[in-house]
Structures are given as C-alpha cells and as structure tokens.
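For the sequence shown, the residue numbers in my numbering are 10 to 260.
To be clear, the hints were calculated from the coordinates, so they are not data collected in a lab. Each hint should be verified, as a subset may be incorrect.
[To be verified] For each label pair, taking beta carbons as the anchor points, the in silico distance ranges come out as:
hint	residue 1	residue 2	range
1	Arg-126	Asp-166	19 to 25 Å
2	Gly-244	Asn-123	40 to 46 Å
3	Gly-147	Ser-254	16 to 22 Å
4	Gly-244	Gln-35	38 to 44 Å
5	Thr-30	Asp-246	30 to 36 Å
6	Thr-30	Ala-226	28 to 34 Å
7	Asp-49	Asp-166	23 to 29 Å
8	Asp-155	Asn-123	17 to 23 Å
9	Gly-21	Arg-146	41 to 47 Å
10	Ala-226	His-99	37 to 43 Å
11	Ala-148	Ala-44	23 to 29 Å
12	Gly-149	Ala-117	16 to 22 Å
13	Glu-160	Ser-192	29 to 35 Å
14	His-99	Asp-57	36 to 42 Å
Using N, Cα and C, we set each Cβ at its ideal position, and we do this for glycine too.
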Amino acid sequence: MRFRPCIDLHEGLVKQIVGSTLRDGQPPETNFTSARSAADYARMFRNDGFDGGHVIMIGPGNDAAAESALRAFPGGLQIGGGIRPENAAHWLECGAAAVIATSFLFDAGAFSWNRLRALEAEVGADRLVVDLSCAPRGAGYRVMADRWQTETDLTVDAASLGSLAPHCSEFLIHAVEVEGRRSGPDPALIELLAAAPRPTTYAGGIRDLADIESLGARSGGTLDFTVGSALDLFGGDGVRYAELSRYRRAR
C-alpha cells in the first residue's frame, strides 16, 4: 500500500473539485485553488520520492500545465483527461509514465473493446492505465464517463476487472459520489477492489489517517490510495503531507 499523489488541473490551475458537481456549462464546486503551479507540485513529489501519481486534466485549457508537470518529473507521473490514440504518444514523449484511459473507452455510454484495443496498440498495455471511476447503482457500481456525467453500461466487478486486466498495467478508481466531499471513503467499493488483478489506486472521501488505516485493513493492504481535499497541500487539515512517508513502500 502506498500513497499516490494527484495533480488535478482545471482551467490550467491546480484545484480540488467536488467531482459529482462537474456539469457542462456551469462551474463546479471547488474546495481549493492553488497559487502554486502544477510543475511545482511535480518537483516536490519527485524530490520526496512519491512516484506513480497522476495528473488529471479536467476539461480544456490544461495542456501547458500538464506538460510542465510531466517534464518536471519525467517517468514519475501518469496523465489522464482526453486521452485518445491520436494524442497518447505525445503525452508519453512529454514524460508521462503511462496514459490513463477514461471516457474514450465508451461510445454513447457503451464500453468499446475496439477503442480499448486501439489505445493499447498505440502505447502498449504496460503504459496504459484504465480509469473505472464509478458510482453505486443498485447492488453494484457503474463506471461514470464524460467527467462523471454519463452512466455507462460497464459494471465494476470481478468479471470486468478480470477481462480488462490483460489490456492494462493498472486501474485508477475514484468513488465518484464521495470524491472531494471529505465524508469518508466507500468501504464496499474498497472491499470489491481489494482482489483486483492489477495494481489499483483508490480515490475518494479520505478525511484523515484513520481513513487510510481503515482502507489498508479493508483491502488487506492491496490498494494504493490518493488524498485530495483533506491533504494540507490542497488546503485540507485532515492529512499532513509529511505524514504520508510511511506509506511510500510499494506493495
């Protein structure tokens, strides 16, 4: 279990946003906007040995900030947000360790194996992370696409994780309904993901170190994690960045 840092970009700035409030044509609810650049954060994570994190571009206007972060920490960060076969190689050339596939994998809400294979052919499974950020629906979890506005036909379960695993190196999964709310992580989702057949990073709802310890206990230490709005780097008061070094070790 290890801490994976995040750099969320919106309109070129590092922000912490309540994910469920993302809507086309209206500003999202924002917990924090940083005066520091994306590259500043990337250099900090590089100097402190926190590799394996991700840069997420939320909407347009983030390319320059994302490129600067990747160049500040070459090989240390993954990149997501608008990734397609046509631009994936560019982001790897900028220094990304891997690209993160999200909405491109869906066509009008339907999962597309052809799109996954096209992206895999472009970058290789070893440099492809599949984002399965999801929300509870009925007795299970459905992947949400298009900045979490579209409910897709893909259910996150043992079968889907197993079928996708040969085509990627990792999974990144945000618990959409608690992301940015500092209301506690989703215990049922954590337990579901504990047996994922690829390294998996969980994000969403973490408030404090007790939540991190609970995540470790519920997952048997198999899940990595990220902390957003609760982290002091992003204006929070529940988790201190300096305290996360104990989770630096890889699984």
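Non-conforming hints, listed in increasing numerical order: Hints 3, 4, 5, 7, 9, 11, 13 and 14 contradicted; others consistent.
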